[in-house]
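Novice: In the order they appear, the protein sequences are chains C and B. The first sequence: position 70 = 70 (this note's numbering), numbered continuously. The second sequence: position 99 = 1099 (this note's numbering), numbered continuously.
Source of the hints: derived by calculation from the structure; they are not laboratory data. Treat the hints with caution; some may be incorrect.
As the list claims (entries may be wrong) - Using 30 Å as the maximum straight-line C-alpha spacing, the simulated DSSO-like pairs for lysine-lysine come out as follows: (1) C:68 with C:57; (2) C:42 with C:58; (3) B:1057 with C:71; (4) C:71 with C:58; (5) C:99 with C:71; (6) C:71 with C:57; (7) C:58 with C:68; (8) B:1011 with C:99; (9) C:37 with C:68; (10) C:42 with C:22; (11) C:99 with C:22; (12) B:1057 with B:1011; (13) C:57 with C:42; (14) B:1017 with C:42; (15) B:1017 with B:1057; (16) B:1015 with C:71; (17) C:99 with C:57; (18) B:1057 with C:42; (19) C:99 with C:37; (20) C:99 with C:68; (21) B:1011 with C:37; (22) C:37 with B:1057; (23) C:37 with C:57; (24) C:99 with C:42; (25) B:1057 with C:99; (26) B:1015 with B:1057; (27) C:42 with B:1011.
Predicted model, so just to flag it, every value in this text is computed and none were measured.
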Amino acid sequence: GENVEQHPSTLSVQEGDSAVIKCTYSDSASNYFPWYKQELGKGPQLIIDIRSNVGEKKDQRIAVTLNKTAKHFSLHITETQPEDSAVYFCAASGVGFQKLVFGTGTRLLVSP
Amino acid sequence: GAGVSQSPSNKVTEKGKDVELRCDPISGHTALYWYRQSLGQGLEFLIYFQGNSAPDKSGLPSDRFSAERTGGSVSTLTIQRTQQEDSAVYLCASKSSPDTQYFGPGTRLTVL
């Protein structure tokens, strides 16, 4: 079955810096890759997703890139702010987007 | 509109007791998922309901775990004879296929 690895497990940056989180997946049939942000005591919230027919997607300060050949995808956050501090999860899903397999999460800390 | 709701938000129980966790999905969402998140870990898939189809129970860790979805809406996750290793946050998500999974706030289960 699908396996998703996520790095780094923790990431500390200064406010205004960029942050990059990387994930790799094992199943070449996976075609949907969402990113979730989880704040303390809350459920994960979708922040951006990408499907396998595109290589990059941007939404204001966040962007996701996908390399299907290498089977990896990355989350990029620019001009980080303290409120970006949270745990970020990547996930991958196959045909029909029925089941998501999640990475182990990255704890991002943005210091003022 | 209303999001996914879960109850209770916190549950403390004694080892060996049974517990029931409730999930109210977003109205009209045909798919419902249960995940388990252990402290500092990623999300572990437990079970998936889609419409009137038989549920995908492939993630349930043991026969002490079961779930049902009544009337295609509310779902209950039951854990019988709880063990300390069952302590975790149990998250429910719903979606309107083939779109995004929306998560509830979770139920934090503590087994003493």
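Novice: Each of the hints needs a verdict: does it hold here or not?
Specialist: Evaluated hints:
A threshold of 30 Å between alpha carbons decides the hint, and for residue 68 (chain C) with residue 57 (chain C) the separation of about 14 Å falls inside it, so the pair holds. For the proposed pair residue 42 (chain C) and residue 58 (chain C), the alpha carbon gap of about 25 Å is at most 30 Å, so the pair holds. Distance check on the hinted pair: residue 1057 (chain B) and residue 71 (chain C) sit about 28 Å apart at the alpha-carbon level, within 30 Å; holds. A C-alpha spacing of about 19 Å is found between residue 71 (chain C) and residue 58 (chain C), which places the hinted pair at or below 30 Å, so the restraint holds.
With a C-alpha separation of about 18 Å, the suggested pair residue 99 (chain C) and residue 71 (chain C) falls inside the 30 Å cut-off, and the hint holds. Proximity of residue 71 (chain C) to residue 57 (chain C) is assessed by CA-CA distance (about 16 Å); at most 30 Å being required, the pair is judged to hold. Between residue 58 (chain C) and residue 68 (chain C), the direct Cα distance comes to roughly 18 Å. Compliance with the 30 Å bound is thereby established for this hinted pair. In summary, the hint linking residue 1011 (chain B) to residue 99 (chain C) is supported, as the alpha carbons are separated by about 27 Å, within the 30 Å threshold.
The suggested pairing of residue 37 (chain C) with residue 68 (chain C) holds, with an alpha-carbon distance near 23 Å, which does not exceed 30 Å. Using a Cα cut-off of 30 Å, the hinted pair residue 42 (chain C) and residue 22 (chain C) holds, with the two alpha carbons roughly 23 Å apart. About 20 Å separates the Cα atoms of residue 99 (chain C) and residue 22 (chain C), which keeps this hinted pair within 30 Å; it holds. A hinted pair counts as satisfied when its Cα atoms are at most 30 Å apart, and residue 1057 (chain B) with residue 1011 (chain B) qualifies at roughly 23 Å.
At roughly 26 Å between alpha-carbon atoms, residue 57 (chain C) and residue 42 (chain C) fall within 30 Å of each other, so this suggested pair holds. A C-alpha spacing of about 26 Å is found between residue 1017 (chain B) and residue 42 (chain C), which places the hinted pair at or below 30 Å, so the restraint holds. Distance check on the hinted pair: residue 1017 (chain B) and residue 1057 (chain B) sit about 22 Å apart at the alpha-carbon level, within 30 Å; holds. Taken as a hint, the residue 1015 (chain B) and residue 71 (chain C) pair is broken in the structure, with Cα atoms around 43 Å apart against an allowance of 30 Å.
Annotation: proposed proximity of residue 99 (chain C) to residue 57 (chain C) holds, straight-line Cα distance about 22 Å (limit 30 Å). For the hint linking residue 1057 (chain B) to residue 42 (chain C), the alpha-carbon distance of about 25 Å falls within 30 Å, and the restraint holds. At roughly 18 Å between alpha-carbon atoms, residue 99 (chain C) and residue 37 (chain C) fall within 30 Å of each other, so this suggested pair holds. For the hint pairing residue 99 (chain C) with residue 68 (chain C), the CA-to-CA distance comes to about 19 Å; that is within 30 Å, so the pair holds.
Distance check on the hinted pair: residue 1011 (chain B) and residue 37 (chain C) sit about 24 Å apart at the alpha-carbon level, within 30 Å; holds. The suggested pairing of residue 37 (chain C) with residue 1057 (chain B) holds, with an alpha-carbon distance near 26 Å, which does not exceed 30 Å. As the CA atoms of residue 37 (chain C) and residue 57 (chain C) are separated by approximately 17 Å, the hinted pair is consistent with the 30 Å bound. Distance check on the hinted pair: residue 99 (chain C) and residue 42 (chain C) sit about 21 Å apart at the alpha-carbon level, within 30 Å; holds.
Distance hint between residue 1057 (chain B) and residue 99 (chain C) is fulfilled; the C-alpha atoms sit about 12 Å from each other, no more than 30 Å. Of the supplied pair hints, the one linking residue 1015 (chain B) and residue 1057 (chain B) holds, its CA atoms being roughly 24 Å apart against a limit of 30 Å. For the hint linking residue 42 (chain C) to residue 1011 (chain B), the alpha-carbon distance of about 16 Å falls within 30 Å, and the restraint holds.
Of the numbered hints listed earlier, the single one contradicted by the structure is hint 16.
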